[in-house]
Amino acid sequence: MPVVNLRLYGAFREIERVAPDLVAAHARKQAALKAIKVLYRDAIVSAIAGVQKAWAQRRERACPWFQQAIRHLQQVDELFLAEADRLHDQFAETERPLSHPAVESVRGAILDRLSGCSALLIAGGHVGVLRNRMSFFGLDEALRQKPIIAWSGGAMVLAERILLYHDHTTHGVGLAEYLDRGFGLVPGVVFLPHAEQRLELSRPENVAILAARLAPLRPVALENGGGIDAHGQCFGRADAIRELTVDGHLAPYDPAHRTAGGDDAARS
Amino acid sequence: MQRVLDLVSHIERHPNDARRILAEFAARWQFPLMDEHDNATFFYWDGQPADAVFLQHWVFGLPSRQEFRRIGQTDAFYLPLALPKGARVEYKFEVVRGGNGRWMSDPRNGRRAFDPFGSNSVCPAGSYSDPEWCREDPHARRGSMQSHRFFSKTWGEERDYQLYLPAEARPGKEYPLLIVHDGNDFLHYAEMKTLLDNLIHRHEVAPLLVCFTNGVRRNWEYAANPRQADFLRLDLLAHLEATQPVLAEPQFRGIMGSSFGAVSSLYAAVRHPGVWGRLLLQSGSFAFTDIGEHTRGPMWDPIVGFVNNLRENPPPIDAQIYLSCGTFESLIYYNRSLVPVFQRVAQRVRFAEVPDGHNWINWRDRLREALTWLFPGPLWMYYE
Numbered sequence: 045m046p047v048v049n050l051r052l053y054g055a056f057r058e059i060e061r062v063a064p065d066l067v068a069a070h071a072r073k074q075a076a077l078k079a080i081k082v083l084y085r086d087a088i089v090s091a092i093a094g095v096q097k098a099w100a101q102r103r104e105r106a107c108p109w110f111q112q113a114i115r116h117l118q119q120v121d122e123l124f125l126a127e128a129d130r131l132h133d134q135f136a137e138t139e140r141p142l143s144h145p146a147v148e149s150v151r152g153a154i155l156d157r158l159s160g161c162s163a164l165l166i167a168g169g170h171v172g173v174l175r176n177r178m179s180f181f182g183l184d185e186a187l188r189q190k191p192i193i194a195w196s197g198g199a200m201v202l203a204e205r206i207l208l209y210h211d212h213t214t215h216g217v218g219l220a221e222y223l224d225r226g227f228g229l230v231p232g233v234v235f236l237p238h239a240e241q242r243l244e245l246s247r248p249e250n251v252a253i254l255a256a257r258l259a260p261l262r263p264v265a266l267e268n269g270g271g272i273d274a275h276g277q278c279f280g281r282a283d284a285i286r287e288l289t290v291d292g293h294l295a296p297y298d299p300a301h302r303t304a305g306g307d308d309a310a311r312s
Numbered sequence: 033m034q035r036v037l038d039l040v041s042h043i044e045r046h047p048n049d050a051r052r053i054l055a056e057f058a059a060r061w062q063f064p065l066m067d068e069h070d071n072a073t074f075f076y077w078d079g080q081p082a083d084a085v086f087l088q089h090w091v092f093g094l095p096s097r098q099e100f101r102r103i104g105q106t107d108a109f110y111l112p113l114a115l116p117k118g119a120r121v122e123y124k125f126e127v128v129r130g131g132n133g134r135w136m137s138d139p140r141n142g143r144r145a146f147d148p149f150g151s152n153s154v155c156p157a158g159s160y161s162d163p164e165w166c167r168e169d170p171h172a173r174r175g176s177m178q179s180h181r182f183f184s185k186t187w188g189e190e191r192d193y194q195l196y197l198p199a200e201a202r203p204g205k206e207y208p209l210l211i212v213h214d215g216n217d218f219l220h221y222a223e224m225k226t227l228l229d230n231l232i233h234r235h236e237v238a239p240l241l242v243c244f245t246n247g248v249r250r251n252w253e254y255a256a257n258p259r260q261a262d263f264l265r266l267d268l269l270a271h272l273e274a275t276q277p278v279l280a281e282p283q284f285r286g287i288m289g290s291s292f293g294a295v296s297s298l299y300a301a302v303r304h305p306g307v308w309g310r311l312l313l314q315s316g317s318f319a320f321t322d323i324g325e326h327t328r329g330p331m332w333d334p335i336v337g338f339v340n341n342l343r344e345n346p347p348p349i350d351a352q353i354y355l356s357c358g359t360f361e362s363l364i365y366y367n368r369s370l371v372p373v374f375q376r377v378a379q380r381v382r383f384a385e386v387p388d389g390h391n392w393i394n395w396r397d398r399l400r401e402a403l404t405w406l407f408p409g410p411l412w413m414y415y416e
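Sequence lines, in order, name chains D and Y. Mapping of the first sequence onto the working numbering: position 60 corresponds to residue 104, and the numbering continues sequentially without gaps. Mapping of the second sequence onto the working numbering: position 327 corresponds to residue 359, and the numbering continues sequentially without gaps.
Don't take every hint at face value.
As the list claims (entries may be wrong) - Below, computed lysine-lysine pairings styled on DSS-like, alpha-carbon distance capped at 25 Å:
1) Lys73/D - Lys205/Y
2) Lys205/Y - Lys81/D
3) Lys97/D - Lys81/D
4) Lys78/D - Lys205/Y
5) Lys205/Y - Lys225/Y
Hints in this document: simulated from the structure, not taken from any laboratory.
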């Protein structure tokens with residue numbers, strides 16, 4: 045079966061060439077988002093420190109100080125996502141990129157190529173660039189009309205939200221942060237590809253704090269050798285798809301069954 | 033140590049068999065011998081008569097010349113030495129015969145470290161191992177090297193440099209810039225090209241352009257010399273900005289060096305504030321005096337003057353500073369003393385001290401941590 049490259053990155057380069065004003069406006073939006081991200085990161089540092097202190101005091105989820113600290117951290121996340129939404133909406137309203145003749149033409153070519161395909165494959169890579177290019181060309185609707193096979197970063201963009209994480213950078217633990225919203229094709233989850241490699245999962249408090257922070261969304265660790273199909277059923281290696289639970293464990297992911305306490309502290 | 037003590041008692045019991053016992057011992061073990069507590073035992077025996085053997089090393093705080101003990105009546109010698117955990121010691125043997133000492137590498141240790149003066153034997157204690165990220169990775173995309181020459185108004189002569197371009201370099205895109213003092217040595221002895229390829233390929237370090245520059249009258253130029261600072265800013269940086277796709281903001285401009293190269297880097301940042309936003313200072317020769325005169329010789333006068341002024345009246349340093357020094361260096365005192373000064377006046381400071389000496393492998397081994405902090409790559413964003 046032939047494979048057709050949608051050439052999203054090349055398409056954006058073409059827009060850079062033919063519609064510099066639009067691209068400049070897009071760059072301004074991205075710069076504004078970056079500036080907000082600086083504030084977001086600073087706020088996360090103190091919010092996570094608060095969560096860790098509260099956890100260290102009693103080491104129990106029911107502790108009201110822990111719950112309050114988690115709520116504060118979630119508020120920081122929500123504020124960032126709301127600010128990101130505002131910037132994206134403002135850009136869409138003022139620039140109307142999908143109505144721009146250059147974008148219409150390039151996007152039309154992408155959709156033509158896609159219409160001839162039986163399925164869409166979305167590989168991993170730089171998840172920020174992937175999400176931004178797909179979003180710029182307004183592929184949300186098109187995504188819903190094809191079977192999709194996505195992995196790593198490609199899977200991340202299909203979930204409701206995209207979380208960035210890495211506990212093992214060369215200069216220490218990175219504090220997990222939201223990149224942005226995903227396309228929401230797989231509701232109710234945040235995908236964490238290569239979680240074993242990137243997260244310190246052997247420490248139950250790390251697992252518990254991350255699960256509580258993301259609730260009611262379910263953090264699903266994706267490892268090589270397994271997958272989830274359109275009905276939420278797992279296939280492949282038995283321990284490849286697991287859910288991080290608020291009691292600090294990794295449990296086999298079952299879409300029909302929310303693990304104990306999955307939406308407690310955070311949403312109370 | 034226990035193995036050598038066993039050897040000594042074995043030879044005491046069988047003095048006539050000493051030669052065979054020594055030959056078997058020498059063939060059986062890897063030297064220096066290391067025990068689980070990171071104690072090293074050095075061993076020398078070449079079958080020829082010798083008057084004495086000394087260990088020569090550059091570990092500040094230990095006597096730099098330590099005499100070996102003779103084993104019985106033989107011409108074999110040993111020396112036990114306790115090392116800090118994870119330490120890495122470069123050394124030579126001095127073998128004395130007929131009143132003449134001869135320096136040599138340890139003939140029973142194949143581990144060598146090279147520098148512009150030749151090579152030293154290496155004793156890695158316990159957990160130390162050569163990092164895998166500085167070995168050639170066949171999967172890593174290779175950047176390219178270019179040789180350039182340009183005219184420096186400051187020096188009134190032509191100067192050469194080598195430029196590293198990352199594999200992903202493409203027209204129309206601009207990159208951060210790092211200028212490296214003693215560039216040829218960093219390429220040759222610290223494997224900097226290979227580790228740049230690896231770290232950029234792994235998304236740990238941002239793709240960047242790296243300019244490897246060299247001093248001509250090196251020590252004089254690098255010793256807090258205003259002309260060198262002007263050369264870097266007004267000649268080299270201006271030339272690179274005019275000819276290469278480099279980003280113009282200070283946070284994308286770095287300068288680095290070791291020893292006197294670190295002094296030159298810091299001096300450049302102080303003399304031209306706001307230009308260099310990233311400083312990587314390794315084993316900086318930041319000598320100063322609290323009272324009286326220094327005793328390091330006239331070459332150090334400008335450095336001591338500069339660092340004394342800096343400590344007395346530190347100017348704002350609009351940069352992120354990565355500072356490192358080996359605990360076996362006499363310079364560790366000066367480097368530690370500057371950390372609180374930098375913490376007061378710089379944007380951000382990171383200090384690493386490690387059980388190693390004033391050598392290229394120490395500087396190489398810090399580069400991953402330093403570069404990923406100063407020029408972080410998009411690893412955070414990559415899921416593949």
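To see whether the hints hold, each was checked on the structure:
A threshold of 25 Å between alpha carbons decides the hint, and for Lys73/D with Lys205/Y the separation of about 20 Å falls inside it, so the pair holds. Pair hint Lys205/Y plus Lys81/D holds up; C-alpha atoms about 24 Å apart against a cutoff of 25 Å. A hinted pair counts as satisfied when its Cα atoms are at most 25 Å apart, and Lys97/D with Lys81/D qualifies at roughly 24 Å. For the hint pairing Lys78/D with Lys205/Y, the CA-to-CA distance comes to about 19 Å; that is within 25 Å, so the pair holds.
Simply put, Lys205/Y and Lys225/Y have alpha-carbon atoms about 21 Å apart, close enough for the 25 Å limit, and the pair holds.
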